[in-house]
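*Asks:* Let the hints inform the model, and build the full structure from the sequences given.
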Amino acid sequence: MSKPSFDIHKPVFFPAAILILLTIGLSFFFSERIGAFFADFQRWSSDSAGWFFVLAVNVFVGATLYFALSPYGRIRIGGEDATPEFSNFSWFSMLFAAGIGIGLLFYGVAEPIYHFANPPLPADTPAEKAHIAMLYTFLHWGFHSWGAYVMVGLALAYFTFNKELPLTFRSMFYPVLGERVKGWIGDLIDIVAVLAALFGLATSFGVGVQQIGAGLEHLAGIANSTSTHVLLILVITLMATASVVLGLDKGVRVLSLWNMRIALFFLLAIFILGPTGFILDTFVQSTGAYLDSFFQVGMWTEAYTETTWQNDWTIFYWAWWISWSPFVGMFIARISKGRTIREFVLGSLIVPPILIFLWMCVFGGSALSMELAGDTRISEAVNADLATSIFVFLEAFPLPTFTSILAMVLITIFFVTSSDSGALVMDSITSGGKLNPPVAQRIFWAFVQGGTAAALLFAGGLKALQSVVISTGLPFTMLILLAVYSLYKALRDEKEEGDS
1 MSKPSFDIHK PVFFPAAILI LLTIGLSFFF SERIGAFFAD FQRWSSDSAG WFFVLAVNVF
61 VGATLYFALS PYGRIRIGGE DATPEFSNFS WFSMLFAAGI GIGLLFYGVA EPIYHFANPP
121 LPADTPAEKA HIAMLYTFLH WGFHSWGAYV MVGLALAYFT FNKELPLTFR SMFYPVLGER
181 VKGWIGDLID IVAVLAALFG LATSFGVGVQ QIGAGLEHLA GIANSTSTHV LLILVITLMA
241 TASVVLGLDK GVRVLSLWNM RIALFFLLAI FILGPTGFIL DTFVQSTGAY LDSFFQVGMW
301 TEAYTETTWQ NDWTIFYWAW WISWSPFVGM FIARISKGRT IREFVLGSLI VPPILIFLWM
361 CVFGGSALSM ELAGDTRISE AVNADLATSI FVFLEAFPLP TFTSILAMVL ITIFFVTSSD
421 SGALVMDSIT SGGKLNPPVA QRIFWAFVQG GTAAALLFAG GLKALQSVVI STGLPFTMLI
481 LLAVYSLYKA LRDEKEEGDS
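Following my numbering, the numbering of the sequence shown begins with 1 at its first residue and continues without gaps.
You can trust all of the hints, since none of them are fake.
SDA-like cross-link-like pairs, simulated, lysine to any residue; straight-line CA separation at most 25 Å:
(1) 337 x 82
(2) 434 x 165
(3) 163 x 175
(4) 337 x 481
(5) 434 x 164
(6) 337 x 176
(7) 495 x 66
(8) 337 x 496
(9) 10 x 188
(10) 163 x 86
Quick list of simulated restraints, FRET-style, between CB atoms:
(11) 254 x 304: 46 to 56 Å
(12) 74 x 25: 42 to 52 Å
(13) 375 x 81: 50 to 60 Å
(14) 268 x 26: 40 to 50 Å
(15) 312 x 373: 22 to 32 Å
(16) 25 x 66: 39 to 49 Å
(17) 384 x 66: 38 to 48 Å
(18) 28 x 245: 22 to 32 Å
(19) 494 x 39: 38 to 48 Å
It should be emphasised that the hints constitute simulated quantities derived from the structure, not laboratory data. We treat Cβ as the ideally placed atom computed from N, Cα and C, and that holds for glycine.
*Replies:* As structure tokens, this is what we get:
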């Protein structure tokens, strides 16, 4: 019997698809009004709920560490006899590619330099400014950022593979809601998850095509315009479609492995050719500073100032990570069967951030070294356009054209793997939690992701993308907090049953 072309859960698929397609249409035809609406909502959300985002990400980190280090950490995802489907290197590669790829290329040079030029805290000397710049870069890309991913991924993995519930977000709340998760409440939860994942991914895609466009303008003089961005989104979405057709093992896994190799080569080249001693000093000192002020900087809410620096950076980041957590969390759950809760948490919460710290120190640290030596080309590029900073940075190294092309290749592959993984996740949610729904549906969601990114770029560029990600991140934050309690309740009940 042939497999159906479409296998959807109608109460989730149609409302989610209609809302998304409506957003795309309104963004194209009423771009100014939609852009203004999202901007107003972003300001309200950041001003009114910034403290909530800050508190939530700390809860996520604390909860995941509790689950890992408590006796619950010995529980194996999928049961005692389950074995990992992927090797550790493949697992880490997919975590890295799915979790943060595009942003690293965009912000690796730009963010430390921006914070150096515009420090969030008072600083009197260039050395203090550099110290603060790396501290807040580590905050935005460190353990706090991965807490939401790991929390969502752990809850989904446990309820799917240990409790044999569908791989969809409503399953996380079964201990709290019971059979009601199968009704309209569960449908609403899944719809919110789809919207959060879609807009989180669209933001990353917007960031990626802006940087590819900046590279093309820098190297070939092609205008870095909205029309160029839309064309790039179309081309890369077609590439992602090819990856979708190949499937998880031949598509995402292979691309992730190659991207990991290229990224490591890129990292090693800049590490060797750059100020190696300064990079290592920066890595050790900045890691220590982040760990030493983990709670102080992690709970900072800009309470005694009248600035909006945190709204534009930290709150946006927390909303971005939380919006990505449906996508990344479900993807992590999908590839992590056979690992214990302790392995799951420590592997996904600690290893990727350490690699990110190293990346930020190699690229951002090298850029800071140039700034401290009096070379202001990168800060001038950052002030003009964040997306161009890495290409100006690479001009200080041998073969700048080759390395700039390599950077664009990395961004493109990260784009493709994120699009493919995101389509898999949204397809799974809208099909009722099926692990292998029809390919045609994944192709549909791949194009919807690209269309959403193009529409929001048309409506207001990166600012519109940032606004919509905060808008969807807020309600999903509440759901993840409820999932913390739900998972705790399920693990506690299982332990009590085992003890009795």
